[in-house]
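Enquirer: Below, each chain spelled out in residue letters.
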Amino acid sequence: MELKTLSQMIGDLEEDQVLEMLNTFVSSNPSQEDAQKVVNACQEGMGIVGELFEKGEYFVGDLIFAGELLTAAMDVLKLVMDSSGEEKTGTIVLGTAHGDLHDISKNIFKSMAQAAGFEVYDLEIDQSASEFVEKVKEVQLDIVGMSGVLTLAIDAMKDTVEALVEAGLRNEVKVIIRGNPVTKESCEHIGADAFTTNAAEGVKICQGWVKQYVRC
Amino acid sequence: MSDVKVLQDPKELQEERTSIFHDVYFNNKIPKRVPVSLSLPFEAIAEFGELDIVEAQWNSAIAEETADKLCQTLYSDVNPFSGSLRFPSFYQALKSQSFVMGSNGFFQHPEVVGMLDEEYDYLIEKPYDCLLEKVIPRQYKALDLNDPVNMAISFAKSLLGFTNDFMTSGQLGGKLTEKYGYYAGGLLSGGFTEAPFDFLADQLRSFKGVSMDVRRMPEKVAEACEALYPIVFKKGLPANITRESTVFIPLHMPTFMREKDFAKLWWPSFKKMLDEYASMGVHASIFCEDDWTRYLDYLYELPTDTIMMFEYGDAKKIKEKLGKKHIITGLYPVTMLKTHTKQQCIDKAKEMVDILAPGGKYVFGLDKHPLSIGDVNMENFCAVAEYVRDYAVYSNIGETAGLQFNKEDYKVLPSRRLESKYFKRWDQYKVENPRVSDFGAPKLQGYEEMIFQYLIFLLL
Numbered sequence: 001m002e003l004k005t006l007s008q009m010i011g012d013l014e015e016d017q018v019l020e021m022l023n024t025f026v027s028s029n030p031s032q033e034d035a036q037k038v039v040n041a042c043q044e045g046m047g048i049v050g051e052l053f054e055k056g057e058y059f060v061g062d063l064i065f066a067g068e069l070l071t072a073a074m075d076v077l078k079l080v081m082d083s084s085g086e087e088k089t090g091t092i093v094l095g096t097a098h099g100d101l102h103d104i105s106k107n108i109f110k111s112m113a114q115a116a117g118f119e120v121y122d123l124e125i126d127q128s129a130s131e132f133v134e135k136v137k138e139v140q141l142d143i144v145g146m147s148g149v150l151t152l153a154i155d156a157m158k159d160t161v162e163a164l165v166e167a168g169l170r171n172e173v174k175v176i177i178r179g180n181p182v183t184k185e186s187c188e189h190i191g192a193d194a195f196t197t198n199a200a201e202g203v204k205i206c207q208g209w210v211k212q213y214v215r216c
Numbered sequence: 001m002s003d004v005k006v007l008q009d010p011k012e013l014q015e016e017r018t019s020i021f022h023d024v025y026f027n028n029k030i031p032k033r034v035p036v037s038l039s040l041p042f043e044a045i046a047e048f049g050e051l052d053i054v055e056a057q058w059n060s061a062i063a064e065e066t067a068d069k070l071c072q073t074l075y076s077d078v079n080p081f082s083g084s085l086r087f088p089s090f091y092q093a094l095k096s097q098s099f100v101m102g103s104n105g106f107f108q109h110p111e112v113v114g115m116l117d118e119e120y121d122y123l124i125e126k127p128y129d130c131l132l133e134k135v136i137p138r139q140y141k142a143l144d145l146n147d148p149v150n151m152a153i154s155f156a157k158s159l160l161g162f163t164n165d166f167m168t169s170g171q172l173g174g175k176l177t178e179k180y181g182y183y184a185g186g187l188l189s190g191g192f193t194e195a196p197f198d199f200l201a202d203q204l205r206s207f208k209g210v211s212m213d214v215r216r217m218p219e220k221v222a223e224a225c226e227a228l229y230p231i232v233f234k235k236g237l238p239a240n241i242t243r244e245s246t247v248f249i250p251l252h253m254p255t256f257m258r259e260k261d262f263a264k265l266w267w268p269s270f271k272k273m274l275d276e277y278a279s280m281g282v283h284a285s286i287f288c289e290d291d292w293t294r295y296l297d298y299l300y301e302l303p304t305d306t307i308m309m310f311e312y313g314d315a316k317k318i319k320e321k322l323g324k325k326h327i328i329t330g331l332y333p334v335t336m337l338k339t340h341t342k343q344q345c346i347d348k349a350k351e352m353v354d355i356l357a358p359g360g361k362y363v364f365g366l367d368k369h370p371l372s373i374g375d376v377n378m379e380n381f382c383a384v385a386e387y388v389r390d391y392a393v394y395s396n397i398g399e400t401a402g403l404q405f406n407k408e409d410y411k412v413l414p415s416r417r418l419e420s421k422y423f424k425r426w427d428q429y430k431v432e433n434p435r436v437s438d439f440g441a442p443k444l445q446g447y448e449e450m451i452f453q454y455l456i457f458l459l460l
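Protein chains in written order, with the UniProt record's numbering: chain S, 1 to 216; chain Z, 1 to 460.
With the rest of the complex left out, here is chain S (with noise of 0.2 Å):
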C-alpha cells in the first residue's frame, strides 16, 4: 500500500476510498510491522486535517467527520493488530467542566488525540472536581483535559484545579482546557497549564508534554 496516498487521502476526507484501501490491506494478512506503519499513515493523515483546520480550509465540521473517519479506520486495522503490543503515546482523562453539558468539542479532541495514539478516559458530561481526582487516583495519568462552552465552567474548571492540589496529585498531570470562554487570563485564573480553542492546537500541546516527559 502507498502509505503517502493513504495519508492524503484521509487528509482529503475521502471516507470511501480510505475504507476501501484499508479492507484491502487487512485481507492481505499483513505482519505486525506493515500494519504499524499503516496505523502511523492513518495518524499522519490526521496530521494533514489539523493543518488544513489551522489554515482555515476546514472547519469544526471536517474535524468531526475525520475524528469519524479515523475511528472506522482503527476498528478495520484492529483486525490484524495485535494489542498488547500497541505502544500509547500517553494518557488523558477527559470531561466537561461541573455544570456543563456539552460535549461536541470534547469528542472532537478524544478523536484527535486518540488518532494522535494517546489513551484517552473520557468522563462524559457535567464532571464535579472529585470525579477527575478519583480518576488521576486510579489511573497512571499524564494529562486531564476539561472543556466546557458556559462562562460557568471557568469556575468548575478552577474547581477541579484546586482539588487536584489539596489532593497533593497537581504535579502529577499537566492540565489542559479548552471551549469558548477560555482565553489566557482565565487559563491563568484556573491555574491551568495550556489552553486552546483549536483541537489540533491542542492534541500538539500534549505531544509537546508527553516528549518532555520522555527526555525526563
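Treat each hint with caution, since some may be false.
As the list claims (entries may be wrong) - Not everything, but these chain Z residues come out facing chain S in the computed CB check (under 7 Å):
id	residue
1	SER103
2	ASN104
3	PHE207
4	ARG215
5	PHE256
Unchecked claim - Calculated lysine to any residue pairs in the SDA-like style (CA-CA distance at most 25 Å, straight line):
id	chain 1	residue 1	chain 2	residue 2
6	S	LYS184	Z	PHE452
7	S	LYS55	Z	TRP292
8	S	LYS55	Z	ASN27
9	Z	LYS29	Z	SER19
10	Z	LYS220	S	VAL60
11	Z	LYS11	Z	ASN27
12	S	LYS184	Z	SER19
13	S	LYS158	Z	ASN377
14	S	LYS158	Z	SER103
15	Z	LYS208	S	GLU57
16	Z	LYS421	Z	PHE452
17	Z	LYS264	Z	GLU276
Keep in mind the hints are simulated off the structure, nothing from the lab.
Glycine included, every Cβ here is placed at the ideal spot set by N, Cα and C.
Following the hints, put chain Z in place on chain S, whose structure we already have.
Expert: Okay, now just chain Z, sitting in the frame of chain S:
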C-alpha cells in the same frame, strides 16, 4: 447608576423609545439617538436578586422584585427582563433529552440525535409526520408511543406548563415595560424560528450527525431542508402581520462549515425564507453566532433592513460592507465588562458607537447575553449603558438612513404547503364534522395553530 429614567413620565419615555427604535427598524431614518438594547437572561436576573435559580425557574413570579430592581439599576431602552425560553415545567414533564438542566441549575442543550440517517426519506416525504412520530418521542421520553395514556397526561401537563409559565413571565415583563416605559418591541417580541438547515442539525441529526451527512449524503440534506421549509417558515410567522412585525432567527451552523457546503446546503433555504418573510413585510432579526466575516457578502444579499446581531468580527468591516443596507447590533464584547476597568469599558463603547452609529441603522447591544450575573461587573455594565445613552446622539435627526425596504421588491416561488394527518385545516375539519358551526372556526383553528407552535417549539 441611573435614576434619570424613574424621574420621567414612563409614557413619555416609552414614546421616545418607540420612536427611536421605529426610526431604525422600520422608518429608515436617523433617530434622535442610538437605541440601547440590553437585557439579561432569566437565570442571571434570579442570581442578581440572590434567588435560588432552580426555584425561580419553577416559579417565575418570585423574580418580580429582582427584575424591578434591575430595571432601576441598568439603563436600557428595552426591558432588561427578557423572560426565558426554557422553563422546566414543560421540559421536565416530558422528560426532555434535548433541554436538560445541568447540576448548576442552567438549562442546556446537549448533543442529541432525534432522527436516524435512514429516516431521511420519510422526513423528505412527510416532514411533519416524521417530526411527530420519530423525532419528538426520541427527544421527549415521556411521549412514549407505547404508553398512550401516560403520554397524553404528560403532554397535557407540559402544555399547561408552557402556557402558564410564558403567561406569568410575559405578564411580569409587560408590567415592567409599562412601569418604566420601555420599547415594547425588540428581538424576542415577534416570531421565533430557525433556518431549515439549523433545525435539521440541532435536534434531528445533531451537530455530529449533520456534519457526517454533509459529506456522505449532501443531496438528502438539501432535500430535507426543502421539506422542513414550510414548517420552520410557518413556525416563525407572526400571527398578525403589521409593518412592525419581526421574526427572530438565531443562526448556528454556518461558521462550522466550509463555504462550498454552506453555499449549497445551508444558504438557499434560509435566503428563500427571509425573502418570503420580506414579501409579507416581516423583518427578520438574525443572530450571527460566532464570526461571520467570511460570509458578509452573503449577508448583504438578504432583504433590506434585516436586523443583524453579530457576536465577533471587525466592526469597521461589517459597517462598511452592510451598514447602508442592514441594521447592525451586537459586537460589544460582554467579557470586557468583567475583565476591564470602567474607563476601558466606556472607551470601548465609544469606539463601537463611533464606528457603527454614523449613518444610522444601528442599535447598541452586547455580542451575547451574559449567561450568569457573575459574567459582568454591574458597575461597568451600567456605566456603559448610560454612556451610550448620553453620548450616542445624532445631529442629523430624521434624515434618510440608507437603502429603503419595500416588500414589493421580494418575490418567491410558492413552496409546498404543510400537509399532514396531524394538522387539520378548518375546511378539512368541516368535511369530517359537517354540523360544526362556523363560529367555531377561529377557536378550533386557533388551537390547531397553538399545538403546532408548541410542538415545533419543542424542537427549537
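Enquirer: Could you run down the list of hints and mark each one as holding or not?
Expert: Taking the hints in turn, this is what the structure says about them:
{"no.": "1", "hint": "SER103", "verdict": "holds, 5 Å"}
{"no.": "2", "hint": "ASN104", "verdict": "holds, 3 Å"}
{"no.": "3", "hint": "PHE207", "verdict": "holds, 5 Å"}
{"no.": "4", "hint": "ARG215", "verdict": "holds, 6 Å"}
{"no.": "5", "hint": "PHE256", "verdict": "holds, 4 Å"}
{"no.": "6", "hint": "LYS184/S x PHE452/Z", "verdict": "violated, 46 Å"}
{"no.": "7", "hint": "LYS55/S x TRP292/Z", "verdict": "holds, 17 Å"}
{"no.": "8", "hint": "LYS55/S x ASN27/Z", "verdict": "violated, 43 Å"}
{"no.": "9", "hint": "LYS29/Z x SER19/Z", "verdict": "holds, 10 Å"}
{"no.": "10", "hint": "LYS220/Z x VAL60/S", "verdict": "holds, 21 Å"}
{"no.": "11", "hint": "LYS11/Z x ASN27/Z", "verdict": "holds, 21 Å"}
{"no.": "12", "hint": "LYS184/S x SER19/Z", "verdict": "violated, 43 Å"}
{"no.": "13", "hint": "LYS158/S x ASN377/Z", "verdict": "holds, 20 Å"}
{"no.": "14", "hint": "LYS158/S x SER103/Z", "verdict": "holds, 16 Å"}
{"no.": "15", "hint": "LYS208/Z x GLU57/S", "verdict": "holds, 19 Å"}
{"no.": "16", "hint": "LYS421/Z x PHE452/Z", "verdict": "holds, 13 Å"}
{"no.": "17", "hint": "LYS264/Z x GLU276/Z", "verdict": "holds, 19 Å"}
Figure legend: structure checked against the earlier numbered hints; hints not met, in rising order: 6, 8 and 12.
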